[in-house]
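Asker: With chain A fixed as given, assemble chains B and C onto it according to the hints.
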Amino acid sequence: MSVGSAEMLFRVTALNADYAAAIDDDRLEEWPGFFVDQCLYKITSADNLRDGNEAGIVYADSRSMLADRVLALRRANIYERQTYRHIVGTARLMQSTAAEVRVETPFLVVRTMRDGRIDLFAAGRYRDWLDDHGDDLRFRERIVICDSSHFDTLVAIPL
Amino acid sequence: MSVGSAEMLFRVTALNADYAAAIDDDRLEEWPGFFVDQCLYKITSADNLRDGNEAGIVYADSRSMLADRVLALRRANIYERQTYRHIVGTARLMQSTAAEVRVETPFLVVRTMRDGRIDLFAAGRYRDWLDDHGDDLRFRERIVICDSSHFDTLVAIPL
Amino acid sequence: MSVGSAEMLFRVTALNADYAAAIDDDRLEEWPGFFVDQCLYKITSADNLRDGNEAGIVYADSRSMLADRVLALRRANIYERQTYRHIVGTARLMQSTAAEVRVETPFLVVRTMRDGRIDLFAAGRYRDWLDDHGDDLRFRERIVICDSSHFDTLVAIPL
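Chains as they are written, first to last, in this note's numbering: chain A, 1 to 159; chain B, 1 to 159; chain C, 1 to 159.
Chain A extracted, bound-state conformation:
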């Protein structure tokens, strides 16, 4: 593996860790900042993708739509009743050129309820297209491909 891809994987790993911590620490307002302005964020399932169903159950194609989502979540106030914890696996570099970095990364999210119960909330993989401008690595696309097609209504929270 070249030094260049090792360094890129390193940066992707740090990005994934920061992204997950922003959500899990309830710093949701920072979440849109991980994306470029003209981005694509989608939550979908492996089944949906296989069937060519492009819709996804969550869809946003700009950073301001992501910001709106956060506002809506804060207003609905459903987020505080439980805690989420992302466990993000090793990123796999699918393609890396100056123009285009594509990675796939498995993830698991567990949820802790106020009464102490912990359950498996979501499992799947991220399919990402990253934008690299110097020190700053941002998501041009983040497609969240869940293993399950049965979405909890609370999938309103970012994954």
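Wrong hints could be hidden among the right ones.
Heads up, the list lumps identical chains together, so a pair's fine if it works in one copy or across two of them.
Pairs of lysine to any residue residues, derived as SDA-like cross-links and limited to a Cα-Cα distance of at most 25 Å, are as follows [unchecked claim]:
id : residue 1 : residue 2
1  : Lys42     : Asp26
2  : Lys42     : Phe151
3  : Lys42     : Asp25
4  : Lys42     : Arg117
5  : Lys42     : Gln82
6  : Lys42     : Asp24
7  : Lys42     : Leu73
8  : Lys42     : Glu104
Honestly, the hints are just simulated from the structure, not real lab data.
Answerer: The following block gives chains B and C in isolation, referenced to the frame of chain A:
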């Protein structure tokens, strides 16, 4: 830590990620390719190991046995009804010489059923002996040591 | 990211992996050795921290207190009935100077019972302050911040 072991850990991490993705993406036919021809693949439990029971509940000592296993799984067709997701922890380099690389790595596998239920399928650690030929890192041995001794019949799938 | 912080993150990752393996492999006697003599080890919850409750449900401020804890656990003999498996996420370097290294790292612990049941035992994050003396990286502080405030009595085991 020397540059040499840092690079080796990096390569092992990439190998583990690719291995897990091949299984979780249902590209099972690629699975035997992660092993050398004369390999040892075993699924066992910590209790079995402690008791000196060498058998394991899954045992293969060549790449062609692994390929046979995949064929049998495809024929039985039991694999498609659920999705597996490996979350692989940090590899620990136990020994690394030109001739021999030994690592141990914790893992967790969660399973998503067709009806959306997600459960913890297996937890444990990999005890690996790797073969390093230039760019290519392959398993000479992969001993899958499960924390549980109660094996689901479905452990037919690779871990 | 500088070469220096890349190397530090690498070392922290190895430390976290060794720490987790010592616990999960039931080599508890090695656990105090991951800390400096005058250390702080605490298990608490996000709620406790938020409320300014400094107590924690487990508290030790020296390595010998940690060693006492291990002795007590061995005497109580409650540890052997189940197996724990830590899955430790990517460490985030919050601060790194010659004098002070601070990191935060998400974790998940699953527990396998003797009858084969696997459950989610704990999720949360480590907030660490590390002491770097040459090759040796040790915990000056490890604050284990659990997502849940409902502690199993068995949290007697180290996290």
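Asker: Compare the structure with each hint and give your call.
Answerer: Going through the hints against the structure:
1. Lys42 with Asp26: both (20 Å within a copy, 22 Å between copies)
2. Lys42 with Phe151: within (13 Å within a copy, 36 Å between copies)
3. Lys42 with Asp25: This pair counts as both: shortest intra-copy Cα distance 22 Å, inter-copy 19 Å.
4. Lys42 with Arg117: between (28 Å within a copy, 22 Å between copies)
5. Lys42 with Gln82: Cα proximity of Lys42 and Gln82: in one copy and across copies (23 Å, 23 Å).
6. Lys42 with Asp24: both (19 Å within a copy, 21 Å between copies)
7. Lys42 with Leu73: within (17 Å within a copy, 33 Å between copies)
8. Lys42 with Glu104: Classified as within; 14 Å inside a copy, 28 Å across copies.
In summary, this structure violates none of the numbered hints.
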